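A.B. asks: Take a look at the letters that make up each chain.
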Amino acid sequence: MRKRAARGSSFIEAICIATVLIPITLVLLDCITIVIANSMNDTAAKNAARAAASQEDGGNAALAAEKAIAPFKKPSPIINSLSIKELAYGADTVSCTTTIDIHLPMPFPGYTNLKFDAKDIEPIVGKKVNP
Amino acid sequence: MKIRNALIDKKRRGSAFVFGTGLALVLVVLGVSFVFLMMYMGGQNETKNATDAGILNTAKRALDQISIKLNVTDDSEKCFADVCTDKNYDKLPNFLPETNLRRINRIWAKALLMNINAEAAQHDGNAGSGTNNATSAYNSAKSISDKLADKLTNQGNLHGFFDELSQQNSVRMIGTTVQVKSLPGANWQTSEMDRQDESNIVLSGSSPFNLPPGFTLNAAASTKCARPNVPANAQNWFFLKGYQPISANGHDFWQVPFQYDQKPHLVSKSIFDSDKVANKALAWDKPIPNAYSAEGQALKAGAYGEKAMSWALSNPRQPFKMCMPHSFVKIHLDDMKAHFYFYPFDFPPLPAIEFGPAISYGYLTDTVSGAPMPAGGILCATVTPQASQLVGTDVVGRTLNQIIFSIPTSFGGGESKIEAYLTNRMNEMICEPGVTMSTSDMHNVLSAPEIIPFLAAGKGEKDFYVFSTDGKTIRCLPDYLAFPLAPWLATEISHDPDGTESKIVNDAESPAPMFSTPIVVPDPFCTPFMQVGWGSWHKDVAWRPGTGYNSCLGTVRVKRWTEIMSWGACNPL
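Chains L and R supply the protein sequences, listed in that same order. Take 1 as the starting number for the first sequence in our numbering and just add one per residue. Take 132 as the starting number for the second sequence in our numbering and just add one per residue.
It is possible that part of the hints are untrue.
Stated by the list, open to error - Heads up, incomplete: computed chain R residues facing chain L, CB under 7 Å, no partners named:
1. Leu187
2. Asn188
3. Arg448
As the list claims (entries may be wrong) - Sample of chain R residues with no beta-carbon within 10 Å of chain L, all distances over it, derived:
4. Leu223
5. Asp255
6. Asn318
7. Glu323
8. Trp415
9. Ile509
10. Leu510
11. Thr530
12. Pro539
13. Ala551
14. Ser571
15. Thr600
16. His626
17. His669
18. Asn681
19. Trp692
Derived from the structure by calculation, the hints contain no laboratory data. Quick caveat: nothing in here was measured; it's all calculated off a predicted structure. Even for Gly, the Cβ is constructed at its ideal location relative to N, Cα and C.
Sequences and hints are given; from them, build the entire structure.
C.D. replies: Below, the structure is given as structure tokens:
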């Protein structure tokens with residue numbers, strides 16, 4: 001009778017501990033995913049801005065920026081999409097904002113997908129001076 | 132016993148909770164640490180990215196924003212005003228010249244060209260004051276270059292360019308309000324990279340680069356584009372070599388290397404460091420750097436900060452030609468005259484004697500009549516050249532090219548020397564990279580039919596000016612037509628070349644189709660037995676070189692004249 005009671009209480013303890021540990025682990029997993037996704041988005045924005053900055057005009061800059069983020073667009077269970085939200089090819093600088101849409105590995109109600117923006121500004125080095 | 136067992140059970144149950152709580156704490160700590168580590172690494176990455184953007188902006192801005200003003204009241208600096216522009220050629224004079232990293236090679240190249248002209252003139256023995264002028268130009272180019280080097284190596288002048296971009300880039304993984312700012316110190320350095328590669332100065336054509344006769348550019352001074360895949364339009368171009376002493380007129384000239392059409396870009400620390408003067412000596416005592424390093428710091432108030440370094444190589448991506456955009460050659464035509472010669476004491480081919488005033492004629496046919504010469508022939512009372520003799524048939528309707536180069540021509544090949552000088556000078560005026568003037572092009576410029584009416588208008592001395600209106604083409608026109616096309620000429624046109632004149636074609640002679648019968652009045656008791664007249668055309672061409680120090684690259688002076696011979700002789704009765 002005592003042994004049975006002990007087994008029961010251990011089971012309850014395990015459940016209690018699991019109810020705490022599992023959510024913590026899942027939240028941490030989501031946090032890590034968010035940080036990595038943001039880092040990836042930063043890199044994509046940087047690459048796109050730098051590629052655009054190496055072009056002579058806005059048209060080519062847009063094409064180059066799209067090409068630069070193409071490697072980040074590979075199918076993934078985490079990343080729903082990564083796209084250029086805004087590309088401003090100005091007189092001296094290029095500003096590129098990219099948006100990453102991620103699917104949380106352990107979604108919580110109301111937080112299944114998250115979107116983050118990253119912005120990078122680079123000096124234009126591709127423009128020539130007209131003699 | 133019961134109590135002991137109850138305690139053991141309670142302990143067992145408690146240890147599971149303690150273990151579970153401990154594990155949860157460890158997991159939380161590990162997880163949070165991992166997140167922080169990721170954010171730290173991300174922050175480091177963001178700091179590095181912002182520093183990269185900052186140094187690229189620095190390498191780009193340093194090309195144009197750090198400048199040296201030239202003193203236009205000093206002739207030795209004013210002579211560089213025409214190359215203190217980003218345009219290959221500017222029609223207007225530059226009253227506020229400034230140079231910078233983009234333009235400094237143009238100044239060195241123009242100084243080199245002046246000194247090349249001076250050395251070539253020395254070789255010909257007619258340098259005059261050109262040698263001193265060219266040396267003044269060298270001293271000024273060096274002084275301007277040294278001032279620019281001082282500014283570019285002063286990190287305080289670069290911090291602003293760095294901050295301009297680095298601060299705009301987000302380092303949100305460190306903090307949303309954090310910015311990357313320049314961190315002054317020993318990590319802001321400069322380097323002299325791409326040594327022996329091309330500068331942004333293009334030479335005229337291929338070796339010997341249309342330089343003046345008598346000068347040979349050292350083979351080590353020029354190079355083709357050093358890039359592995361040379362852009363198509365630069366495959367046949369030769370450039371001055373960067374960080375390589377180029378000698379002329381006893382001075383060493385320098386260029387900053389800028390690979391053709393290469394963009395400012397980041398470089399590795401190892402290459403940057405290996406090319407620093409401290410690690411690889413350079414004979415240039417104050418070199419202008421083409422690469423820069425910078426250190427930035429993202430500092431969160433009251434917390435940790437992150438630092439990053441970047442290295443970048445600058446490049447204006449703009450080639451210029453070694454040229455003198457605001458320069459000209461003057462072609463001076465002396466007044467043409469008919470001279471009258473007689474044989475009072477002898478007979479041809481012995482020397483004749485000139486008598487009577489020479490009569491001017493123009494570039495339209497004209498008739499001239501000489502005065503009678505008393506005792507102008509053996510046993511003659513007077514010899515009078517036939518009246519109204521036709522002159523100017525050698526120049527009427529001719530182009531300037533024909534006036535200079537056509538008959539009479541010299542036996543010594545003087546015309547080919549003039550051809551070489553003029554072709555060289557026209558190439559020095561051309562400012563468009565890749566455009567050259569051949570000897571044939573030079574003749575075409577001087578053969579422009581629109582010059583003929585200006586030649587025909589009136590008698591007397593005439594001046595024409597050879598200059599460029601756009602840096603690509605050359606025109607030859609009188610001053611009043613040249614000014615509207617090249618307004619800069621107005622302030623320069625009065626300058627004479629700084630060399631001395633030497634006659635290249637000396638009295639080239641050609642028989643003229645002029646036959647006449649002089650009027651012979653015999654001495655008493657004598658009777659005429661010879662009354663023959665004929666004519667000949669003559670030409671001198673002189674070259675006076677200019678270094679270009681005062682914009683004048685030289686003067687070609689052409690003197691043409693006609694000699695009318697009258698031979699009269701009598702026999703005693």
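A.B. asks: All the hints need checking, so say for each whether the structure fits it.
C.D. replies: Results of checking the hints against the structure:
no.: 1; hint: Leu187; verdict: 5 Å, holds
no.: 2; hint: Asn188; verdict: 4 Å, holds
no.: 3; hint: Arg448; verdict: 5 Å, holds
no.: 4; hint: Leu223; verdict: 15 Å, holds
no.: 5; hint: Asp255; verdict: 34 Å, holds
no.: 6; hint: Asn318; verdict: 20 Å, holds
no.: 7; hint: Glu323; verdict: 20 Å, holds
no.: 8; hint: Trp415; verdict: 26 Å, holds
no.: 9; hint: Ile509; verdict: 72 Å, holds
no.: 10; hint: Leu510; verdict: 76 Å, holds
no.: 11; hint: Thr530; verdict: 32 Å, holds
no.: 12; hint: Pro539; verdict: 44 Å, holds
no.: 13; hint: Ala551; verdict: 29 Å, holds
no.: 14; hint: Ser571; verdict: 26 Å, holds
no.: 15; hint: Thr600; verdict: 15 Å, holds
no.: 16; hint: His626; verdict: 27 Å, holds
no.: 17; hint: His669; verdict: 47 Å, holds
no.: 18; hint: Asn681; verdict: 25 Å, holds
no.: 19; hint: Trp692; verdict: 46 Å, holds
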